[in-house]
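Given the sequences, and given the hints that come with them, work out the whole structure.
There are 2 protein chains.
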Amino acid sequence: MPRYKITIEYDGTKISGWQRQVNSSSVQQFIEDAIENFSQERVTIHGAGRTDSGVHALAQVAHFDLKKTFPPFVVLRAINYFLRPNRIVITDCVEIEESFHARFSAKKRHYRYMILNRKAESTLDSDRCWHVREELNIEKMQQAANNLIGDHDFTSFRAMRCQALSPLKTIDEIKIYKEEEKIIITIKAKSFLHHMVRNIVGTLVPIGLGKLAVEDMNRIIKAKNRKKAGATAPAHGLYFSKVEYNENTN
Amino acid sequence: MPRYKITIEYDGTKISGWQRQVNSSSVQQFIEDAIENFSQERVTIHGAGRTDSGVHALAQVAHFDLKKTFPPFVVLRAINYFLRPNRIVITDCVEIEESFHARFSAKKRHYRYMILNRKAESTLDSDRCWHVREELNIEKMQQAANNLIGDHDFTSFRAMRCQALSPLKTIDEIKIYKEEEKIIITIKAKSFLHHMVRNIVGTLVPIGLGKLAVEDMNRIIKAKNRKKAGATAPAHGLYFSKVEYNENTN
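First to last, the sequence lines map onto chains F and W. Read in the working numbering, the first sequence has 129 at position 129, and its numbers run on one by one without any break. Read in the working numbering, the second sequence has 163 at position 163, and its numbers run on one by one without any break.
By construction, these hints were calculated from the structure, which means they are not laboratory data.
Identical copies carry no separate label here, and so any pair may be met within one copy or between two of them.
Below are the DSBU-like pairs computed for lysine-lysine, each with C-alpha atoms no more than 30 angstroms apart in a straight line:
#, residue 1, residue 2
1, 107, 119
2, 67, 119
3, 119, 108
4, 119, 68
5, 108, 178
All values derive from a computational prediction rather than experimental measurement.
As structure tokens, this is what we get:
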């Protein structure tokens, strides 16, 4: 009974997020349907992270088992064939040992948040970046972000409906840099609470605008109160960009 | 009677190109309507280049005259207000001398062509890049492109319905480089024939794939026959990226 590990890219704009739900068009549903279409097997796929509606993925990872064995390149092509014309694509597929689990074996998850920082309305990047009109000070944002590195209780950045058992998480890295009119925030951790990246970005932006002070970040962390942090940044600026596993699991 | 120079960015996906036509939604039409909406004056705007349906612009330039004088920032904001929710935006507006003409004063025009070069289907870049599955050799493409630099009769790269008086043009520069999975081709000239950039790209790609030899480029130029060059590359990979004028005209 072979297990397959797939890497998935998707445009989150017109889909209702990763997770299968009744009466919705989720990435999980589309892929499970595509697998059934080519293999005649109904499977459940397990993803490394549950992205919300509107959130994009550059390299989401998932696994599933089939009864019959197919070469991985056949699995990849067959799923992609049935995924069209949805903006979801399998970019890689390998057969992997049975102990591998896309969610539980993940060592690090990487997210990227894109901001279009200029006065003029967004055109080409409308569904790809959060448009922030006023100039952001990225040095202040980086200083504030540095307070989030390490082990913390992230209750202030946790969505009300988050199902995690504990609010304790460890952020390894946050980098903030500019590319022409865009500001890119990359963030790396073993795992995240629900809305954690968007709530962090939604707090860094008022700091970049001078509406909150750099020093407020520590106060917000210590408050352990969602109401003290900024609003949730829009979904369409967020990209699930990479998942790291042990080397022997690719 | 003030003259205004505007810089325009647009997503060409759902518009029928730059030029006003009967029963179509062109950039020119949308902007002229927006100007009328705020100023009550019906004007004709003159663009630096006529982009086709599907072609994007990062910095198209146009000019127009108004009878009444408004501060440029008011013109910019007012046009943008009435342009919404179209994916067209004025990114800059200045008042300029009457001798300035967006089309005739242009010294250099820059285009950029984006190719997504990978096996997997396109998702996030579907309307932004030409998807070419087989690996392109950009060194060969650059070698072939170098033959196009300078003064040539570009009949082989000229659309049938091109209205230019002469097929003689001068290309100043073609650069081809890679950014992760994307290949970017930038091209600079005083002016171009209709479809010239897309026909050049449509010839460079078979050279990059090894279907045509680098040496074929000279033969194709000398043939002065549209049928000898490659097919027209898709519109949605093309960006009108910059127009240069004399310094005193911004």
